[in-house]
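Each protein sequence line maps, in turn, to chains A and B.
Add 3 to a position in the first sequence, counting from 1, and you land on the number used in the working numbering.
Add 202 to a position in the second sequence, counting from 1, and you land on the number used in the working numbering.
For the record, the hints were derived by calculation from the structure and aren't laboratory data.
C-beta: ideal position from N, C-alpha, C; glycine also.
Among these hints, one or two may not hold up.
[As the list claims (entries may be wrong)] Straight-line distance between alpha carbons at most 20 angstroms, and here's what the computed EDC-like set of lysine to aspartate or glutamate pairs gives:
#1 A:28 <-> A:224
#2 B:230 <-> A:5
#3 B:293 <-> A:99
#4 A:177 <-> A:194
#5 B:251 <-> A:76
[Unchecked claim] To give an idea of the chain A side of the interface with chain B (calculated C-beta under 7 angstroms), a few residues:
#6 4
#7 7
#8 103
#9 106
#10 114
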Amino acid sequence: MDPRLSVVGARLAGAARILGVTGGKGGIGKSCVASALALALARAGRRCGLLDLDLTGPTDHVILGAPAGFPEEAHGVEPPLCSGVRFMSLTCFAGERPAPLRGADVTNALLEILAITRWGELDALIIDLPPGLGDAAMDCVRLIPRAEYLVVANASRVVQETVRRNLRLLTEMKAPVRGVVENMARSGSDEVRRLAAEHGAPFLGSLPFDETLEPAIGSAERLARTPFFAAVSALRKTLFP
Amino acid sequence: MHEFALADAVIRSALEFAEQGGIARITKLVVRIGELQTIAREVFDYALKEIMPAAEPRLAEAVIVLETEPARFRCRPCAHEFTLAESGGPKEAEDAEAMHFIPELAHACLRCPRCQSPDFELLEGRGVSIASIEGE
């Protein structure tokens, strides 16, 4: 019998809302959106956590410039505070070592993190999910039934093909989709809006392709001065009024 | 110590099991501790006793037995089966600490002693599990 399954709900009980950030394809900016959204919540005075569940390709620590090192232990592990955000990632334990994890390992590692992390009271917990419909996404739906989802897409037909499957699966699994957001928007196009409408999901607007974003990676202060962050802050107001 | 978080999970799980199975009094709880997670038995035992609700009648007379399960691995590329000791174990204190928190980080810290692959199955001895619950 796996005792960890009995404690996940209790560990997350202090989070008023839980939002998984997902999308069908790697490289469409889910981690930037998730990290910036967490930062925007913190800057708006909300108690916010960020959980990077992209276990084999974690990057949120790079985006926020989170310091390395094991978290503090106090009847569990305490997510370190990073620019006002309670942050947890496999990198808190693995450091820079690559962690090649297959299916059951992903589920086990994810479950261990959920079982031992003490988030405390949060207004929102943002979960950065890996691309696609793999173990982490399925486990998030299974283990955190009250999680809501934000789907990140862009105008590329390649991306939309995968996002469409994402939306269909979330709908089929009765996972609430709070909306679809277009990322890396370069010009006015209606593809993502149409995609959201096809699936009955709210279209939450466009985040600009922002050339100032890359140089701001690693510094919450610089990130917060980008046009991308301004757009994410507007998205934050919609998602967490 | 994150042993408290795991002990908390064990107690909650045992009480859930008792609830679902209509068990009024748990008499024996056997908890298996996987070698890979390197949890100190005395710390875990202490954590279980600290966590256990004092006024919980279903657990008041429970005997708790801790068993250690040796870790065993099977390499996927070369099919070699090996133990933690045969892998050479964690090289650095930080490796041991990483696997203590998340046993799957064995894939980041250990290698198959025959072919040096990080692609192996963990057959037994991962972490904390409940082996059996007896009650009436």
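Taking the numbered hints from earlier one at a time, note which ones the structure violates and give those numbers from smallest to largest.
1, 4, 9, 10
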